[in-house]
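Each chain, letter by letter, is given below.
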Amino acid sequence: MRPTLGGRRARPRTRGGTPARALSATITAGALLLAGACGGSAAAGKENITLSVGLFGDFGFEPLYRRFEQAHPNVRIKERQATYDDHHTNLAAHIATGSGAADVEAIEVGYIGTYTAQPQRFVDLRKYGASTRQSEYLAWKWQQGVAANGAVIGLGTDVGGLALCYRRDLFAKAGLPADRAKVSALWPTWQAFLDTGRRFAAKAPSGAKFVDGPGEFFRAMVAQAPEGVYDRQDKVVAATNPAVKQAWDLSTRMVADGLSAKLTSFTPAWDTGFAKSSFATVACPAWMMAYIQEHSPGSSGRWDIAAIPGGGGSAGGTHLTVPTQSKHQKEAAELVQFLSAAPQQEAVFKAIGNFPSLPALYDKPEVRDHTNPFFNGAPVGKIYADSAKSLDPQHLGPAEGQVRAAIGNGLTRVDQGRQSPDQAWKQALDDVSKVK
Amino acid sequence: MALRQTDPLPTATARRRTGPTRARHRPGGSRWNRFDRAVSPYAYVSPFLVIFAVFGLFPLLYTAWVALHDWSLLKGDQGFVGLDNFRTLLSDGNFWNAAFNTASIGVLSAVPQLLLALWLAHLLNRPLKAQTFYRITLLLPNVTSVVAVVVIFSQLFGRDYGLINMVLTHLGAGRVDWQAGTASSHVAIALMIIWRWTGYNALIYLAAMQAVPRELYEAATIDGASRLKQLRSITVPMIKPTLLFTMIVSTIGSMQIMAEPMLFGAQVGPAAIATGGAGRKFQTLSLYLYELGFRNFDFGYASAAAWLMLLLVMVAVGVNFLLARRMKGGLS
Numbered sequence: 001m002r003p004t005l006g007g008r009r010a011r012p013r014t015r016g017g018t019p020a021r022a023l024s025a026t027i028t029a030g031a032l033l034l035a036g037a038c039g040g041s042a043a044a045g046k047e048n049i050t051l052s053v054g055l056f057g058d059f060g061f062e063p064l065y066r067r068f069e070q071a072h073p074n075v076r077i078k079e080r081q082a083t084y085d086d087h088h089t090n091l092a093a094h095i096a097t098g099s100g101a102a103d104v105e106a107i108e109v110g111y112i113g114t115y116t117a118q119p120q121r122f123v124d125l126r127k128y129g130a131s132t133r134q135s136e137y138l139a140w141k142w143q144q145g146v147a148a149n150g151a152v153i154g155l156g157t158d159v160g161g162l163a164l165c166y167r168r169d170l171f172a173k174a175g176l177p178a179d180r181a182k183v184s185a186l187w188p189t190w191q192a193f194l195d196t197g198r199r200f201a202a203k204a205p206s207g208a209k210f211v212d213g214p215g216e217f218f219r220a221m222v223a224q225a226p227e228g229v230y231d232r233q234d235k236v237v238a239a240t241n242p243a244v245k246q247a248w249d250l251s252t253r254m255v256a257d258g259l260s261a262k263l264t265s266f267t268p269a270w271d272t273g274f275a276k277s278s279f280a281t282v283a284c285p286a287w288m289m290a291y292i293q294e295h296s297p298g299s300s301g302r303w304d305i306a307a308i309p310g311g312g313g314s315a316g317g318t319h320l321t322v323p324t325q326s327k328h329q330k331e332a333a334e335l336v337q338f339l340s341a342a343p344q345q346e347a348v349f350k351a352i353g354n355f356p357s358l359p360a361l362y363d364k365p366e367v368r369d370h371t372n373p374f375f376n377g378a379p380v381g382k383i384y385a386d387s388a389k390s391l392d393p394q395h396l397g398p399a400e401g402q403v404r405a406a407i408g409n410g411l412t413r414v415d416q417g418r419q420s421p422d423q424a425w426k427q428a429l430d431d432v433s434k435v436k
Numbered sequence: 001m002a003l004r005q006t007d008p009l010p011t012a013t014a015r016r017r018t019g020p021t022r023a024r025h026r027p028g029g030s031r032w033n034r035f036d037r038a039v040s041p042y043a044y045v046s047p048f049l050v051i052f053a054v055f056g057l058f059p060l061l062y063t064a065w066v067a068l069h070d071w072s073l074l075k076g077d078q079g080f081v082g083l084d085n086f087r088t089l090l091s092d093g094n095f096w097n098a099a100f101n102t103a104s105i106g107v108l109s110a111v112p113q114l115l116l117a118l119w120l121a122h123l124l125n126r127p128l129k130a131q132t133f134y135r136i137t138l139l140l141p142n143v144t145s146v147v148a149v150v151v152i153f154s155q156l157f158g159r160d161y162g163l164i165n166m167v168l169t170h171l172g173a174g175r176v177d178w179q180a181g182t183a184s185s186h187v188a189i190a191l192m193i194i195w196r197w198t199g200y201n202a203l204i205y206l207a208a209m210q211a212v213p214r215e216l217y218e219a220a221t222i223d224g225a226s227r228l229k230q231l232r233s234i235t236v237p238m239i240k241p242t243l244l245f246t247m248i249v250s251t252i253g254s255m256q257i258m259a260e261p262m263l264f265g266a267q268v269g270p271a272a273i274a275t276g277g278a279g280r281k282f283q284t285l286s287l288y289l290y291e292l293g294f295r296n297f298d299f300g301y302a303s304a305a306a307w308l309m310l311l312l313v314m315v316a317v318g319v320n321f322l323l324a325r326r327m328k329g330g331l332s
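These protein sequences, in sequence, are chains U and L.
Take 1 as the starting number for the first sequence in UniProt numbering and just add one per residue.
Take 1 as the starting number for the second sequence in UniProt numbering and just add one per residue.
Everything hinted at is true.
From the derived model, a few chain U residues whose C-beta atoms are all more than 12 Å from chain L: (1) 65; (2) 74; (3) 165; (4) 429.
Derived coverage of chain L by chain U (criterion: at least 3 residues anywhere in the stretch with Cβ under 8 Å from a Cβ of chain U; other residues may be distant): (5) 66-77; (6) 155-166; (7) 295-304.
Simulated from the structure, these hints should not be mistaken for laboratory data.
It should be emphasised that the depicted structure is a prediction, and the values quoted were computed from it without experimental measurement.
Note that CB positions come from ideal geometry on N, CA and C, so glycine has one too.
Chain U extracted, bound-state conformation (with noise of 0.2 Å):
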């Protein structure tokens, strides 16, 4: 389930790799270092460095790195990534320690909260020009990645736009129509999915259920309040929030009717899941088709992308942050600038489908246009482009990852039925309640 926070990228890695690649890129800056201080300036005068990248799966960035080095010929990119886990609790162990970051670190949104209550932490990107960027993006997205003092700590790259892809072929054996207009008409509400989810069942294959698991939908649920599991002034309102408590009360209900195929989401049983056909319908923001694209590669043209219920809505999205450990912040700077600005965002968008921040490009035909033939040729610039436009900007606290977590075992807990929901709800709240 990724109840816990943001989401994770496709193809996380395995934990071997990285530590020996930070120790290799730590290597190499410092021999490129020591070369530029004995033999006197390099070409151009400036010194040769090697920025590092630390990102959590891959964002597609690597070709984007070597048209950077192309205008930047001192600079070489070195890219570590790791797990969505794993990076961001390393990220704390190195901002804690004030060594060991890279130059440039990614912040899901789900910590991007914990980032901006330290701004002397990171480079405040003001500095390098960051402020002539703020028209370009959604509103929201923008002030996500700025602390209270006014510094901007990091710069969004995308957005996940939710959307819903369900299994075309699954719906039209449960006897439900499969074009995605027609499907998208099924669930103006979430009332009204949980009654499809009814219908699904009673005609259903055997062994696929309507949803993979309650977690996703949750926060889709929760992604669509004006607010979440914290208010403003960043105190935690999960308790009191009546929309945190009906979005628990429709995904707990999926699980007593029986919808549920009782897996979270990134875990391997949740990719059997897929290659298995054990579920028709996912919570989908748009980097989750690069995932889906991955884990079920024979299910090519069965799936395909309808509305999410309830209008639209973010979950994910990440910010490129530089800590003020960094000891070539200028370069990481614009190396930020760079990643983020539009022409890059496209192209990512276009390589792997995380979708860009920046809505100027919503409207441009290369975007609004693209269509993605894994998903039966579903028109996905257009869907999260509606998605992300649509949404109420939602403030995310400094603990919304633990808040989240909490939450989220709770509801693995009424799924594996080891709990009522009455029961989870109130150990869930106690979790929240001890959340610092």
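Assemble chain L onto chain U, guided by the hints.
Then chain L, alone, in the frame of chain U:
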């Protein structure tokens, strides 16, 4: 008694001591030699002391200092709070839940593991062809990466498509959601630990058994004692120091179980990695420490938990030691 073969050692030491005695006759050498004899041994072991101070003592003391503060990993020191962290900890249900899980998984894994190791060592402690082959085989599970072990075992223990559940369903017993229950998850994790460490302990036992005089077994065989009786009445008493050693090492190891429940929890979902499943059913003390320190960034509280954990380990080892000492030692 098992140490009898090492007897030549004291002689060698004595021989070396004659060196300085001879040198004493050289003028001016006497004071230097006395100094040399007093200081040199400590100089020789000083690398250990330095390493211990840097990696052992300093972290220990620093952790104690942090434990007395409200200390966030990201925000740093938020002020001195005295023993508040410890007070909160004593009434922290999650901590004691973790302590219970740790003890339960520890017993479930250590006891069968050591008994199995003893039996395996006993089987191999006889003249065999290809002895080295068997010994290497014993050690193989231990050199396998713990990540690989847990990933494979987690697949076996999968709810929907796991091999074990397939067998159970086939036998008509129905599926078990291994990660959801207390007993089922503890058994699964204990099995991973047993698989990994049995061979290692068996090798240690085997080495100790090699030092037991053959004549004892020969005499017992002539007297008509069965092999099981020989194991009970000769082997076990003779290798008691080794048994004690493995018991204490296993106890300490059990108190530190972390990788297995962590990766087992990853099967439940990212939110369950640090919490030992969605319901904290298999969250061990080390894992709780990880949750406090690196998920909640609450370093002060995590440090207090680390110290309390150290106390619990010492108590567990102490109890273990007292129990083990009551075992019959030597040959009666």
